[in-house]
Amino acid sequence: GIPFDRSVRERRSLRWGRGRGGAARRATTPRSKSARTSLDLSLDLRAQHTRLADLRQEITHLTQLKKRLEEACARGDPA
Numbered sequence: 002g003i004p005f006d007r008s009v010r011e012r013r014s015l016r017w018g019r020g021r022g023g024a025a026r027r028a029t030t031p032r033s034k035s036a037r038t039s040l041d042l043s044l045d046l047r048a049q050h051t052r053l054a055d056l057r058q059e060i061t062h063l064t065q066l067k068k069r070l071e072e073a074c075a076r077g078d079p080a
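For what it's worth, my numbering labels the leading residue of the sequence shown as 2, then goes sequentially.
Since the hints were derived computationally from the structure, they do not count as laboratory data.
Glycine residues also receive a C-beta, built at the ideal position from the N, C-alpha and C atoms.
Worth double-checking, as some hints may not be accurate.
Claimed, not checked - 20 Å max Cα-Cα, derived DMTMM-like pairs, lysine to aspartate or glutamate:
(1) Lys67 - Asp78
(2) Lys68 - Asp78
(3) Lys67 - Asp55
As the list claims (entries may be wrong) - Label pairs and their calculated CB-CB ranges:
(4) Thr38 - His62: 42 to 50 Å
(5) Asp78 - Asp55: 28 to 36 Å
(6) Lys67 - Ser43: 35 to 43 Å
(7) Arg76 - Ser43: 27 to 35 Å
(8) Leu42 - Gly77: 48 to 56 Å
(9) Ile60 - Ser35: 32 to 40 Å
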């Protein structure tokens, strides 16, 4: 068989996941890891709140769509 190798790409992807735009792929400036300013933190917080609002809106929309589909199936409507 193939010898066990902890660092192969396939194992790393299982361990760290492959989420959309996760922290591993965050677009950062090439500057060194210097302390972040309050403006940086404030902008990041605002972006996170915007993303959260968008996700909540999408969840609401999908929940409504699911409800409509379930009602249509219960009535026997095709599609």
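Here is how each hint holds up against the structure:
no., hint, result
1, Lys67 - Asp78, "holds, 14 Å"
2, Lys68 - Asp78, "holds, 14 Å"
3, Lys67 - Asp55, "holds, 18 Å"
4, Thr38 - His62: 42 to 50 Å, "violated, 36 Å"
5, Asp78 - Asp55: 28 to 36 Å, "holds, 31 Å"
6, Lys67 - Ser43: 35 to 43 Å, "holds, 36 Å"
7, Arg76 - Ser43: 27 to 35 Å, "violated, 50 Å"
8, Leu42 - Gly77: 48 to 56 Å, "holds, 54 Å"
9, Ile60 - Ser35: 32 to 40 Å, "holds, 36 Å"
Going through the hint list in order, the structure does not satisfy hints 4 and 7.
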